[in-house]
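J.: Please build the complex by placing chain Z on the supplied structure of chain E, with the hints as guidance.
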Amino acid sequence: MIALFGSQFFQNAFIMSLLLSILFGFFSFFVIMRKMAFLGAGIAHTAFGGVALGVLMGINPFYSSLVFCIVAAVLVGKLTQVGHVSYDTGIGIFFSFSMALGVFFIALKKAYAFDLSGYLFGNILGVTRFDQFLVLIVVLVCIPVMFGYLHKILFLTFDEKVAAVSGVPTQMLDTLLLVTLAMIIVISIKIVGIILVSALIVLPASFGMLISKDYRKVIGSAVGYTLVIMIGGLVLSYYLDLPTGAVIVILGTLIYFITLVLSKLKSG
Amino acid sequence: MNSEIAIFLDHVWVKYDHRIVLENISLKVSSREIVSIVGPNGGGKTTLLNTILGFKEPFKGKVSVFGVRPQDIEKNGMIGYLPQTSPHDIQFPVRVFDVVAMSRYGRKSFLGRLNGEDRDLIVDSLKKVEMADFQSHHFGSLSGGQKQRVLIARALALRPKILILDEPSTGLDSVAQDQFYQILQKLRVDEKLTILMVSHDIGVVSGIVDQIACLNKQIHFHGNPKEGIPSEALIEVFGRNVQFVLHDKNCETCEKGL
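Here the protein sequences come in this chain order: E and Z.
Here the first sequence is numbered in this note's numbering, starting from 203 and rising by one per residue.
Here the second sequence is numbered in this note's numbering, starting from 641 and rising by one per residue.
Just chain E, with the same shape it has in the complex:
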């Protein structure tokens, strides 16, 4: 174990997981309560187009996918407001368009040896000091947003129309929520990958809802749960020599179902 913590790549991935757990635990609650679970998968897949664009243009795919996802998140929000379509429909449109663009960009860059599986399934060996620095910036931006607007976002999530009448800037917060979510997803892709990141959007709050009927405790236990599965997944994947993203998601799903069964036994 000491050797494990001694390695630079593990330290990087560990610190990153620690920071990301707080964000996923918190935002998962609002995504689940707003029934936007598909959003996580949608934004993550949108990132594929951005990654491919970065590869094509020879720039860091992180920047291009970040821009791609934030723009897509804002456009999905606008589309639902202007086009009278649901989030699911809006996301479905952008998700498939961006994936198609990704395939198109990769086809244009024929000679490039592209590590597609690294982006699709995550690769903690690829986590650098620079990635850590980026996560830290995103955390520093997101945490004040979380605490500053917690109750307003709660009101917006509970009853959007009444929140608007009661002085909550609903459209601004809606966009802020989408943009923040896009940032968190993009920075997590290195660890868990495009395909599996949506699990971290859905599982934490679903677990929290099994634990309590008070939103504070739901969010708190969601953060704790994410910490356990991300750090647990990292360590296990190292010893079992398996892909980290897959181990995190399998571990998370198992814990969720065990807790579900236990809570049913307790209540029944």
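Rather than coming from a laboratory, the hints here were simulated on the basis of the structure.
The beta carbon of each residue, even a glycine, is placed where N, CA and C say it ideally should be.
Hints may contain errors.
DSSO-like mimics (lysine-lysine), calculated; alpha carbons at most 30 Å apart, straight line [claimed, not checked]: (1) K696/Z x K280/E; (2) K826/Z x K363/E; (3) K655/Z x K280/E; (4) K363/E x K702/Z; (5) K363/E x K696/Z; (6) K415/E x K768/Z; (7) K748/Z x K280/E; (8) K668/Z x K801/Z.
Some chain Z residues close to chain E (C-beta under 10 Å, calculated; not the full set) [to be verified]: (9) Q731; (10) F732; (11) S781.
Going by beta-carbon spacing under 10 Å, a handful of chain E positions derived as facing chain Z [said to hold, decoys possible]: (12) G350; (13) T359; (14) A366; (15) D416.
T.: Frame of chain E; chain Z shown alone:
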């Protein structure tokens, strides 16, 4: 009674895409009145409320609430609103206190927290709707009538001048309905509130309101229901379902109108 005008619509026209849903609506609601808008489903009742709340802009005509444009209302919190269908997930993990606290948080600045005055106001609002004993209950575990009362408390915690209610008694049994309307009448006096509510049930509301407006795209009658509603207006509004309305055992005023 104070004759200040609370809500004023002046020749208002509203359309969705190319379909006109409200046609030349003029309506005055005086301060501290209880007014009900009645009409069939699809007659434009909710659209009218949305126009007063600033969610929908008319393409012709003017709307004002205490002299303010509806689009500016959200900034001063003078309207307490209870929407038609309860969109809340029964699993939503909030307590009754948290639900009422939402409207206090809505007006706080970034990072703002509840202070003692806010807490007093929240408990006081719950007392007014006889729900103070349920503060720490899970909101999802309440009955339909109890939920409606908590949502009224949430509106009251804004200290509004107007309450706007969209079909507030839908899904309530007759006991819960009576209790709900008694609370509304008490609030109107104690809190000096103007109350505007939408209902499809003319029989129930005509006994408790000062004014009634019968709406089906246009306003076909606007007046005191106790003085009788002309049967032509009811036929215009309710069409072939008018017999059902006229023979409602609760609607004495409908019979007088004939």
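J.: For every hint, state whether the structure bears it out.
T.: Hints, one by one, checked against the model:
Only pairs whose Cα atoms come within 30 Å are accepted, and K696/Z paired with K280/E is accepted, the gap being roughly 17 Å. With a CA separation close to 26 Å, the supplied pair K826/Z and K363/E stays within the 30 Å bound. Between K655/Z and K280/E the alpha-carbon distance is near 21 Å, which keeps this suggested pair within the 30 Å criterion. With a CA separation close to 22 Å, the supplied pair K363/E and K702/Z stays within the 30 Å bound.
Under the criterion of a C-alpha separation no larger than 30 Å, the hint pairing K363/E with K696/Z is consistent with the structure, at around 12 Å. Taking the CA atoms of K415/E and K768/Z, the gap is near 26 Å; set against the 30 Å cutoff, the hint holds. At roughly 26 Å between alpha-carbon atoms, K748/Z and K280/E fall within 30 Å of each other, so this suggested pair holds. At most 30 Å may separate the alpha-carbon atoms for a hinted pair to count; K668/Z and K801/Z meet this at roughly 16 Å.
Because the beta carbon of Q731/Z sits about 7 Å from the nearest beta carbon in chain E, less than 10 Å, this interface hint is met. With a least beta-carbon distance of about 6 Å to chain E, the hint placing F732/Z at the interface is held under the 10 Å criterion. The closest approach between the C-beta of S781/Z and any C-beta of chain E is roughly 8 Å, which is under the 10 Å cut-off, so the hint is satisfied. The closest approach between the C-beta of G350/E and any C-beta of chain Z is roughly 4 Å, which is under the 10 Å cut-off, so the hint is satisfied.
The closest approach between the C-beta of T359/E and any C-beta of chain Z is roughly 8 Å, which is under the 10 Å cut-off, so the hint is satisfied. Evaluation of the A366/E hint against chain Z yields a held restraint, the C-beta minimum of about 6 Å falling below 10 Å. Because the smallest distance between the Cβ of D416/E and any Cβ of chain Z comes to about 6 Å, under 10 Å, the interface hint for this residue holds.
In this structure, none of the earlier numbered hints is contradicted; all agree with it.
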